[in-house]
Amino acid sequence: MRGEMKRRLHAAHLGYDSMLRRARELLYWPAMAKDIKDVADHCEPCQQMKPENQKETLTQHSDGNAPWMKIGIDLFDLDGRQYLVTVDYFTSFIEVDQLKGTTASDVIVKLRVLFARYGIPAELISDGGPQFTAAEFQSFASRWGITHTMSSPLYPKANGKAEAAVKTIKHMMMKCLQDNTNVYDALLELRNTPQQDTELSPTQLMFGRLTRSRLPAATNKPVSKTQTRKARQKRQRRRRSVKQSYDRAAKDLTPLSNGQPVYYKHREGQRWQKGTVQREHSNRSYIVEGRNGAIYRRNRAHIRPTKIKPEPITEMQQNDEGHQVVAVPDNTETALQPTQDLRPVDVPTEVSTIPVRPQRARKKPSWMIDYDTT
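Take the position in the sequence shown, starting the count at 1, then add 2; the result is the number in our numbering.
One thing to keep in mind: the hints can contain errors.
[Claimed, not checked] In silico DSBU-like links for lysine-lysine, alpha-carbon gap of 30 angstroms or less:
hint, residue 1, residue 2
1, Lys39, Lys223
2, Lys309, Lys276
3, Lys169, Lys112
4, Lys52, Lys245
5, Lys159, Lys232
6, Lys311, Lys57
7, Lys232, Lys245
8, Lys223, Lys57
9, Lys245, Lys169
10, Lys223, Lys163
11, Lys236, Lys57
12, Lys52, Lys276
13, Lys57, Lys253
14, Lys159, Lys172
15, Lys36, Lys311
16, Lys236, Lys169
17, Lys177, Lys102
18, Lys36, Lys8
19, Lys36, Lys52
20, Lys163, Lys232
21, Lys52, Lys159
22, Lys8, Lys311
23, Lys253, Lys39
24, Lys177, Lys159
25, Lys163, Lys253
26, Lys52, Lys102
27, Lys57, Lys159
[Stated by the list, open to error] Here are the computed distance ranges between Cβ atoms for each label pair:
hint, residue 1, residue 2, range
28, Arg269, Leu80, 23 to 29 angstroms
29, Ile122, Met51, 45 to 51 angstroms
30, Lys172, Pro312, 39 to 45 angstroms
31, Gln180, His44, 52 to 58 angstroms
32, Tyr30, Asp254, 36 to 42 angstroms
33, Gly271, Gln198, 30 to 36 angstroms
34, Leu192, Lys232, 18 to 24 angstroms
35, Ala14, Lys177, 49 to 55 angstroms
36, Pro312, Lys236, 48 to 54 angstroms
37, Glu138, Glu270, 25 to 31 angstroms
38, Glu270, Asp19, 40 to 46 angstroms
No lab work stands behind these hints: they were computed from the structure. Ideal placement from N, C-alpha and C gives every residue a C-beta, glycine not left out.
Please put together the full structure from these sequences, using the hints given.
As structure tokens, this is what we get:
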């Protein structure tokens, strides 16, 4: 009767603790708690609809050692136009450029102008957009001697400096458009305004002086080394205070090992899906293989360990999103070079399936833009 009792206990799809409390009132058999735990762990709907992971402790980017040595970039659209925002980590100095398009070539053209003006940065942080994962952009960064770091898909916090700069610029431009004022006047004052954590403006940290604006200024003294040193010390104290406050309600998640079965988020807001950890990509970032054989890069925040091994999909099936997926050959992993910055990979073109009749051409949907078909 144990099987029937376990099914009745889980009729309401309650968790392990609730089922165990209910069972202890009425039932008993040896190793009952373990059996009830297995019921909760093996219930697919319960596992798929579990809440998000607890937030981890704050990991902060370094600010770099000098102005324009480390920059973050991101794109946004406003009023039907596309813009590129570039922010310096050391000074918080922001540049914004309108783009003709959102391809890698369009972004490279604007970055070349900025690099000719301020110099070539040592490190560039971006998200995993298609313009940044393109081979043309990777080649550009390599030729110019730039270390290109991409944040994990679905995890914009890893590029928080650029995300915050986009928010600031976008809101400023929206207000200027509504008030019918000049955007460049606003950008000039934004750069000259002292920051809360350093009490120096981005232009003072960037150029060692304030830039002349339409506001009256009696003098324009250069920033001394002592002022710069004190500003950096104030920023470091501010960073420690932010981290201490953030970490009060955070806890580091346990590291994952190769071959470990997990549940992962395929898209933001979607249910958990089964997969297997292939390897660790970087700090808190892992390469996960889905049940359909596709390879994804996900942050630890979007991965939840489980004891249940995923069953591979061996034939054409409909997944949760309603599109078809197929099995992937066993040699897929060997085709991926260890030095590549792996992004979620679409199903390879060479798949071993039974012959089927000709089908119409299929176009990859827009939500698969973070896939890497290499």
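Status of each hint after checking the structure:
{"no.": "1", "hint": "Lys39 <-> Lys223", "verdict": "violated (69 angstroms)"}
{"no.": "2", "hint": "Lys309 <-> Lys276", "verdict": "holds (11 angstroms)"}
{"no.": "3", "hint": "Lys169 <-> Lys112", "verdict": "holds (20 angstroms)"}
{"no.": "4", "hint": "Lys52 <-> Lys245", "verdict": "holds (28 angstroms)"}
{"no.": "5", "hint": "Lys159 <-> Lys232", "verdict": "holds (28 angstroms)"}
{"no.": "6", "hint": "Lys311 <-> Lys57", "verdict": "holds (25 angstroms)"}
{"no.": "7", "hint": "Lys232 <-> Lys245", "verdict": "holds (20 angstroms)"}
{"no.": "8", "hint": "Lys223 <-> Lys57", "verdict": "violated (45 angstroms)"}
{"no.": "9", "hint": "Lys245 <-> Lys169", "verdict": "holds (21 angstroms)"}
{"no.": "10", "hint": "Lys223 <-> Lys163", "verdict": "holds (29 angstroms)"}
{"no.": "11", "hint": "Lys236 <-> Lys57", "verdict": "holds (27 angstroms)"}
{"no.": "12", "hint": "Lys52 <-> Lys276", "verdict": "holds (13 angstroms)"}
{"no.": "13", "hint": "Lys57 <-> Lys253", "verdict": "holds (7 angstroms)"}
{"no.": "14", "hint": "Lys159 <-> Lys172", "verdict": "holds (18 angstroms)"}
{"no.": "15", "hint": "Lys36 <-> Lys311", "verdict": "holds (18 angstroms)"}
{"no.": "16", "hint": "Lys236 <-> Lys169", "verdict": "holds (24 angstroms)"}
{"no.": "17", "hint": "Lys177 <-> Lys102", "verdict": "holds (23 angstroms)"}
{"no.": "18", "hint": "Lys36 <-> Lys8", "verdict": "holds (11 angstroms)"}
{"no.": "19", "hint": "Lys36 <-> Lys52", "verdict": "holds (20 angstroms)"}
{"no.": "20", "hint": "Lys163 <-> Lys232", "verdict": "holds (22 angstroms)"}
{"no.": "21", "hint": "Lys52 <-> Lys159", "verdict": "holds (22 angstroms)"}
{"no.": "22", "hint": "Lys8 <-> Lys311", "verdict": "holds (21 angstroms)"}
{"no.": "23", "hint": "Lys253 <-> Lys39", "verdict": "holds (24 angstroms)"}
{"no.": "24", "hint": "Lys177 <-> Lys159", "verdict": "holds (25 angstroms)"}
{"no.": "25", "hint": "Lys163 <-> Lys253", "verdict": "holds (22 angstroms)"}
{"no.": "26", "hint": "Lys52 <-> Lys102", "verdict": "violated (43 angstroms)"}
{"no.": "27", "hint": "Lys57 <-> Lys159", "verdict": "holds (12 angstroms)"}
{"no.": "28", "hint": "Arg269 <-> Leu80: 23 to 29 angstroms", "verdict": "holds (25 angstroms)"}
{"no.": "29", "hint": "Ile122 <-> Met51: 45 to 51 angstroms", "verdict": "holds (48 angstroms)"}
{"no.": "30", "hint": "Lys172 <-> Pro312: 39 to 45 angstroms", "verdict": "holds (40 angstroms)"}
{"no.": "31", "hint": "Gln180 <-> His44: 52 to 58 angstroms", "verdict": "holds (55 angstroms)"}
{"no.": "32", "hint": "Tyr30 <-> Asp254: 36 to 42 angstroms", "verdict": "holds (38 angstroms)"}
{"no.": "33", "hint": "Gly271 <-> Gln198: 30 to 36 angstroms", "verdict": "holds (33 angstroms)"}
{"no.": "34", "hint": "Leu192 <-> Lys232: 18 to 24 angstroms", "verdict": "holds (23 angstroms)"}
{"no.": "35", "hint": "Ala14 <-> Lys177: 49 to 55 angstroms", "verdict": "holds (51 angstroms)"}
{"no.": "36", "hint": "Pro312 <-> Lys236: 48 to 54 angstroms", "verdict": "holds (50 angstroms)"}
{"no.": "37", "hint": "Glu138 <-> Glu270: 25 to 31 angstroms", "verdict": "holds (27 angstroms)"}
{"no.": "38", "hint": "Glu270 <-> Asp19: 40 to 46 angstroms", "verdict": "violated (29 angstroms)"}
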